[in-house]
Each structure stands twice: as structure tokens, then as C-alpha cells.
Amino acid sequence: MIIAVASGKGGTGKTTIATSLALSLAADRKQDLPASSPPLFLDCDVEAPNGHLFLKPVFLERQEVGILIPQVDEAKCSHCGKCADACQYHAIAVLGKKTLVFPQLCHGCGSCTLMCPEGAISETLDVLGVLERGPTSSGVDFARGVLNIGEPMAVPVIRQLKRWANPKFGQVVIVDASPGTSCPVVEAVRGADYLLLVTEPTPFGLHDLKLAVQVARELNIPAGVVINRDQDAPSIDHKYPLVDDFCEHEGLPVLMRIPFERRIAEGIAQGNNLVEIHPETILLFQQLFIQIVNGVQMSLYPASV
Amino acid sequence: MKIILTTASPSLDSDIDPRFGRGAYLLIVDPDTLEWQAFPNPGASAPGGAGVQAAQFVCNQKIDVVISGDFGPHAYQALNAASLPMYIYGSSVTARQVIERFKAGQLQRVGVATRGECDQGHSGVG
Numbered sequence: 053m054i055i056a057v058a059s060g061k062g063g064t065g066k067t068t069i070a071t072s073l074a075l076s077l078a079a080d081r082k083q084d085l086p087a088s089s090p091p092l093f094l095d096c097d098v099e100a101p102n103g104h105l106f107l108k109p110v111f112l113e114r115q116e117v118g119i120l121i122p123q124v125d126e127a128k129c130s131h132c133g134k135c136a137d138a139c140q141y142h143a144i145a146v147l148g149k150k151t152l153v154f155p156q157l158c159h160g161c162g163s164c165t166l167m168c169p170e171g172a173i174s175e176t177l178d179v180l181g182v183l184e185r186g187p188t189s190s191g192v193d194f195a196r197g198v199l200n201i202g203e204p205m206a207v208p209v210i211r212q213l214k215r216w217a218n219p220k221f222g223q224v225v226i227v228d229a230s231p232g233t234s235c236p237v238v239e240a241v242r243g244a245d246y247l248l249l250v251t252e253p254t255p256f257g258l259h260d261l262k263l264a265v266q267v268a269r270e271l272n273i274p275a276g277v278v279i280n281r282d283q284d285a286p287s288i289d290h291k292y293p294l295v296d297d298f299c300e301h302e303g304l305p306v307l308m309r310i311p312f313e314r315r316i317a318e319g320i321a322q323g324n325n326l327v328e329i330h331p332e333t334i335l336l337f338q339q340l341f342i343q344i345v346n347g348v349q350m351s352l353y354p355a356s357v
Numbered sequence: 023m024k025i026i027l028t029t030a031s032p033s034l035d036s037d038i039d040p041r042f043g044r045g046a047y048l049l050i051v052d053p054d055t056l057e058w059q060a061f062p063n064p065g066a067s068a069p070g071g072a073g074v075q076a077a078q079f080v081c082n083q084k085i086d087v088v089i090s091g092d093f094g095p096h097a098y099q100a101l102n103a104a105s106l107p108m109y110i111y112g113s114s115v116t117a118r119q120v121i122e123r124f125k126a127g128q129l130q131r132v133g134v135a136t137r138g139e140c141d142q143g144h145s146g147v148g
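Respectively, the protein sequence lines represent chains B and Z. If you read the first sequence in my numbering, its first letter stands for residue 53, the second for the next number, and so on. If you read the second sequence in my numbering, its first letter stands for residue 23, the second for the next number, and so on.
Treat each hint with caution, since some may be false.
Stated by the list, open to error - Derived DSS-like pairs (lysine-lysine); straight-line CA-CA distance at most 25 Å:
(1) Z:Lys24 <-> B:Lys150
(2) B:Lys61 <-> B:Lys291
(3) Z:Lys84 <-> B:Lys128
(4) B:Lys149 <-> Z:Lys84
(5) Z:Lys84 <-> B:Lys134
(6) Z:Lys84 <-> B:Lys150
(7) B:Lys108 <-> B:Lys128
(8) B:Lys220 <-> B:Lys262
(9) B:Lys262 <-> B:Lys61
By construction, these hints were calculated from the structure, which means they are not laboratory data.
Using the sequences provided together with the hints, build the complete structure.
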């Protein structure tokens, strides 16, 4: 089963929730969990991966990844322009008697190569980043993609990370997505069985949650919400109920609430995980997992529930 | 001779548009007769690669000179490959003024991408 963690707004606690969930599934069993082994954690936020800070993997394997970009043999090129017409990303242009390739615009689709009547285009690997994987002391398997600095395209790295990661049979996969709702997020959460949306009770958190919910609906993935920095505490008089109102209106279950607490912020700033700061939350994350499994079953077999 | 320049609206009396890749219109002008023809810039709404798209369009028009307020690194590379001379507006306001100043030899010719060296970040990524 694949559980993706996304948010819309950045900094709501995706990695906190994703890593805590992973550690809780790997922890000593306090409950009868429907998971057979410690999970595989996939850090798909390839532009700024940070899951390793909390799970501390030892990387044993590493592979460079990229896309195949065109290389034009000017001796064979007749400058007919069919390659430029075929390219919807304007990554290849025929300018008088020269054909130019713009690697940063290329998506590696191969259309130009297919359309070239002269056989003047060959393809070479343009390295965009690396994939790394290895074990952690908690038992969680860890894999991540890292996009090279200055490269604009995260999607090919995410796509190849998901292919390369290779979970064990029956192993739960936890995907940590990037913020936002653009292509890298869609690529990260595509194929997930459940989408966990982490938000915070602020206007910005709500605004981006609405966008993230649309992604879930478009991809037909059942979703639930975790409200982080929840201000439902007697000491705080700025409660923002609109996130709860929205979830109720949309029929989105609020599966968990993390309080707005100084001790948590300090612990995370020191590189500790939520389950290290508050060990009792392991039980809550195991319950969260059971709710997710129920949510997946409900979406697959709605009539039986 | 044919000159192409980026303008805000399809007219010789239009204000200039200082952006090349995302300028609203491309205006082709004959500087001697002042006959003109306007095209919506195909790069204006491109999700990425606007400069290359606009440059490809310009190259297909068989023109002699390109004038705009700014040429990004990709657009510069493309127009340079096509051996098209590039000039920048300077303080001109309307397309008509630009043509007059070009004819008087008052526009500056571009030697390198206007912002290319110090601002690679915006090329081709929206």
C-alpha cells in the first residue's frame, strides 16, 4: 500500500508526519497492525529533500538519473524544422542554417528524434540528479531523489525514483511529496492508495488545502487531513475553525491533530522526530495508519461498509 | 528592409512592450514606407520556453533586425544563431518613435544577452 503525504502550503509538517508515521510502523507493535514489515520511505521532495535529517539513513546505493536529450548532427540536418514543430516545449529550434537544442527546456519525450526525416538526431543522457537508498537504524527502508542545483525539472527524477525504489512484497510505502500542487506533486502522489493532507489552521493553510483536495479528486485518490499546529488550546484565543468547517463540508475526515506547542518546535529544530519528542504519539500514528487502511478499503468497497 | 519589435498592442502608435519572449505583440515594420503588420506573440502565454518560441517565430518571418527592451539568455542564443542583429529600445515609448530612432542610428545594438550573465534563473522556466 502506498500512502502519499502532501499539503499544498509549505512548512505545514509533511515530513514531520511522514517520518513519524514511518517510525511508528517500524516501532514495537503496540497494536495489531495490518502491515507486515517496516515501511519504505520515499523522499520525493527532490528539490529540497529533508527526510534523511529525521530518519538518518546510510546510503548504500546511488544512481545518476536524467533524461535523453537530442543531439543534432549538423552534417545530416536539412533544417526542415520538423523537430521544432513537433516539440511542444520549444526545446529545439531551427534558426536559419542552425538547429539549436535547449537542454533545460527538454522533457526527453523523443518526438524530435522520431520526426527527423534525415536521421540527424541521436539522444544523449542529460543528468538531472541522483537517486540514493539505504537502511536506517529504525528498520525503515529509505530512498530519495536529489535534483541537481540549477535544474528546473523535478518530474523525471521523481518518476525514476518511484520505479527504482522497489518495495518488498506487501511493504507499505510512504511518499513524502513537495509542497504546492504542480507537476512534481502530481508525479509524487500519482498511484498512491491514500493521500494524507497536512495543513494548519491559517487562511494560507486552508487556501492551499483546497487546491490539494482538488488534486486528490482529479487523481481519484481517497484523502484525509492532519491538522498541525492546532490551536484548540485554552491559552490561545485565535482559533481558526474554517479548516474544520471545510473538511466537514467536503466530507474529508480529520484523522489527527498535532497541538501548537513550543516543545515540538524546539525538538524538531534540534533534528528530533515527533515520536522522539512525544513517544506516546507512536500509538496515535499507529491508529492513524489503521484509519488510513479503513479509508482505502472504504474507497475500494464502499458497499461493504 | 523589415524590422520586428515587441509592442503592447497591434499598432504603430502602440506603446512598446519591453519583454521579448513575453511581449504581447510582434510588429513587423518597413522603416521606409512605415507599413506594418502585427502578430500576437506566440511566446506570450507559453508555460515555458517563451523566448525560444518567439525567436523561432521571428526567424520564420525573414526579417532583418529585432528590437525589444530585453533579450533573455535563450532568446539571445537563438537570435544570435540566426545571425539577426538585436537592438534595445532605450528610452523610446511608442513603436513609431523606435523606428525613427533606429533610422537615426540612436538605438544600442546588443552584444550579449541583456540579463543573461547575471540572471540565468529566469530562462525557460516561466
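> Checking against the hints above, which ones are violated?
Replying inline: As far as the earlier hints go, 7 and 8 are violated by this structure, in ascending order.
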